[in-house]
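Engineer: First to last, the protein sequences are chains H and D.
Note that numbering that gives the first Met the number 0 gives residue 18 to position 19 of the first sequence, counting from 1, and the numbers run on in steps of one.
Note that numbering that gives the first Met the number 0 gives residue 133 to position 134 of the second sequence, counting from 1, and the numbers run on in steps of one.
No wet-lab data here; the hints were simulated from the structure.
One should not assume that every hint holds.
As the list claims (entries may be wrong) - Some residues of chain D that are not near chain H, with every Cβ distance over 12 Å (derived): (1) A14; (2) L25; (3) V36; (4) R52; (5) A296; (6) R309; (7) L365; (8) G400.
Claimed, not checked - Some chain H residues close to chain D (C-beta under 10 Å, calculated; not the full set): (9) R1; (10) G45; (11) N49.
Given the structure is predicted, the values throughout are model-derived calculations rather than measurements.
We put the beta carbon where it would ideally sit given N, CA and C, even for glycine.
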Amino acid sequence: MRPESHVPSGDPAPSRPIASVPLAQTEIDAAARRAGIVIPDPCKDGVVANLSLLAVHARRMRGTL
Amino acid sequence: MKSAAFIASEVRSGAISAEQVLDTCLADIATREAPMVAVTRVLGDRARAEAQRIDALVRQGIDPGPLAGVPYGVKDLFDIEGLPTTAGSTIYAAAPPASRDADAVARLHAAGAVLVATLNMDEFAYGFATINAAYGTTRNPHDPSRLAGGSSGGSAAVVAAGLLPFALGSDTNGSVRVPASLTGVYGLKPTHGDLPLGGVFPFADSFDDVGHFAGSVEDMVLIWQVLKERQVGAAAGKPRVARLGGRFRENADPDQLAAIDAIAPGAPLIELPDIVRARSAAFLITACEGGRLHSQALAKDAMAFDPATRDRLIAGALLPDGLYEEAQAFRTAYRARIEALVADYDVLLAPSAPCTAPEVADPRILIDGALSPARAELGIHTQPISFTGLPSLAVPLYRPGKLPLGLQLIGAPHGEAALFSFAAMLEAQGLIGVTPPAGAVLAGTEAFAAGVTGGQHNGAD
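So that you can see chain D by itself, here it is in the shape it has in the complex (with noise of 0.2 Å):
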């Protein structure tokens, strides 16, 4: 799969027609997708119109866009005219069909991008692995028996494997930086409440945003200006960089703080305070919202639910209104903090995901010594970014032969043309971009490791 931008630019100049790519697309999502568990539902019928709609506008003459013919996937909780939103849920298998498109998705459907599949997730996305009991587990594709990460598991690897070259989730506590980390590609979560959340099923209401994970960041800057619909101007001067300290260097990889190091030597190492009560205040919002927002399908049918979840949703809705209330008046205090403390500075280093993708096997990860449930600690440095507000890139490290591991880089609010020039200047330095799975683990073909180009490493090691 080539990226978007090529891939926009053959469609828009006549080189090659959008039923080509999809064709292409199709083919390769119904020979290679089934071990990976990604993909829940294929569109072929409405990709197919967008097709044939996109190659229409080209032979008039008539520009169909800057995604022209691009096929995406969008994780299962947007709105697709004419199906249900299941959010990763039976629950909502046989719900009424949306009767629109849900913004982002009608966004890039303007610009000429083309709906072929939706993606799998946790169940209402709540959980960092997209191990979900009625749609299977996401495997990842750099090594089947590991997880993709979640919970927007299913759009981080349908980009990772190069089956498409972009995908759309949703970061609520990290889940697409974490996933994006696991798995080896770009996710960006942007500043809260940036990008349309119209038609998108809820999770947590004080933290939901919608995101997007591309292979380059040439094509996450693509994809960024038609979900903001408006150009993105380039940085101006030279990027005040600061590495994040105290809890961020514990429970991470040595290669992500080595990492950081390298790529900012001597940047001052600023310490967010209070973050372990932030997270804590999250993890309680979240449960509340979380909660609540089902309480009544809880009250139907707990059992309905999926096992993973429902505990920890029924949870949720026992808490009381004061400790919710407690919790957002300290989100609302700490943001100020925070936006002072780190006002001086364009982007933080941080690391996204801890560590490694875990075994589906056993999906425990180390944290502070111990082995604890990845489906909760995989966030453990997204969440307190989140809490934020603050925009956060999460960006592969460059490491062929190994497992991917990712990295944030968080700007200041509405700061993320600073983050995407960072990116561009690492990724030019070969610091970070994608490393095709290695090997023939899901598809037995070459073509598998040589799937994903757009953004590929451009050879500077």
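Looking at chain H on its own, in the form it has when it is part of the complex (with noise of 0.2 Å):
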């Protein structure tokens, strides 16, 4: 069975709270439980590493880096 996407609306929320990429251990446990994903051991050096990546691009994003 082909996936469907379940992704954000993409309006903009000007109210919310200026979301932030998960980067402590304690924030991407949590963000993995929300997906609910188990990131198995071989994937866990290199989701960070890529969590890391995309953290500096919300910072280029928004100009602040």
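Two chains, two separate frames, one set of hints: put the complex together.
Structural biologist: Here's what the structure looks like:
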């Protein structure tokens, strides 16, 4: 069965607090729980590295880097 | 392999049969393709039936269509009736077969084209390299020690090698334009949403587009018209051309910049504002949409994914909704700004991939003076254009004896006709055009080097 995308609407939400990329291990674990994903051990370092890169992109997008 | 236009003309006139074309094509693939790792499935029975249908129509005096008997292949994410759509992943290798062809494939079928093969890609189209743990790394026909680019690498490679006159791919952040540039063929990312995505395995809905590869501008237009289901009129008047400056003149091969300046000397040098912010927003939207798309499968068995994509997809699935919404809001505002900025021009010139094809053994490229992963960075000049939704035609610089380099011709929304007209002029001047791979790097035959005849440089040098 082909997957179906479940992304938010993309509408601006100015009242929402600034969203941040999960970087601390507790934040990553909580985000993984919300997504229903158990991160396999061989993936943990790679996931952390990718989240760090995405955090850099978030700062660049906001013009703060 | 002759051009699509030539084959169709010969088949329609009865000078050659579609089955004869197919026999030659299948024999060529059987003898020359394996070292390239570009084809994932040869669809012999289906192709035979399609070719026989075309020949029957010709015998009855019925025109089979503008692509009569022209063989082609599709990236492994287009639905093909009766086959599972793998999207380059073993996870879907045993998926239920598609109940019908993807819309783009159906349009090509209706025009008489003959589907011959499915083609290699990065798993789920997430990469610019076509390094696939399950199906192998696609090699560049110009130098098999180098990458063909991705994610539509198999599609670009078969056209560059002259195995097929055209192929379909998909372009999300540059997945048609990057491999077109590295293998030296033409490739189009249309105005976002202009070609039918029905039956195409998605990657990131905000940027996904169907695109095609071919060996000449004539073939690009011919196939574009079939996919659009309408004739494309000639562009009116002299094109208004500008060169993209700023970030687009950094991280580029000097030969690309020299070619741009030679093509349009004195043309305005315009800078797209906030291009770094735009590319980062594109990264975030892509990561979020890709991650969310595969979150259930990741939850079920993340280790079934390609090691090259799974960590990226998991990270994307963990991004907060608010960040995605913020990136989308930025995109909406940015597109409006850019469309207003480029409204005075028909063609914007920029590099496509930032360099020649990287080595398979060391898939890294220099970005801002540091070695960076080619899988993520080859799209440095294409990803920001995808973010705008503008059409972009990748064209190969004519440079025999050297590794391919490409440029982007970027247009106004729905301005593809102007891009094709401008490209045809450059091709006639000998500035762009396909250079057949030199030597017998893959096949050990002279036929390999002579393979790409459609759109081959016209000898103007």
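Engineer: Each of the hints needs a verdict: does it hold here or not?
Structural biologist: Now the hints, each set against the structure:
At roughly 42 Å, the least C-beta separation between A14/D and chain H is larger than 12 Å, which holds for a residue marked as non-interface. Every beta carbon of chain H lies more than 12 Å from that of L25/D, the smallest distance being close to 30 Å; the non-interface claim holds. No beta-carbon of chain H is positioned within 12 Å of the beta-carbon of V36/D; the least distance is around 25 Å. Every Cβ of chain H is farther than 12 Å from the Cβ of R52/D; the closest lies at roughly 29 Å, confirming the non-interface assignment.
Its closest Cβ contact with chain H, about 6 Å, brings A296/D to no more than 12 Å, contrary to its assignment away from the interface. Some Cβ of chain H comes within 12 Å of the Cβ of R309/D; the nearest lies about 6 Å off, and the non-interface call is violated. Taking the minimum C-beta to C-beta distance to chain H, about 18 Å, the non-interface status of L365/D holds against the 12 Å cut. Consistency note on G400/D: stated as away from chain H, and its beta-carbon is indeed over 12 Å from all of that chain's, at 38 Å minimum.
Among the interface hints, the one on R1/H holds; its C-beta lies about 7 Å from the nearest C-beta in chain D, closer than the 10 Å criterion. The beta carbon of G45/H is positioned within 10 Å of a beta carbon in chain D (closest approach about 3 Å), and the interface hint is therefore held. Hint status for N49/H: holds, given a least beta-carbon distance of 4 Å to chain D, under 10 Å.
The structure fails hints 5 and 6 (numbered hints given earlier, in ascending order).
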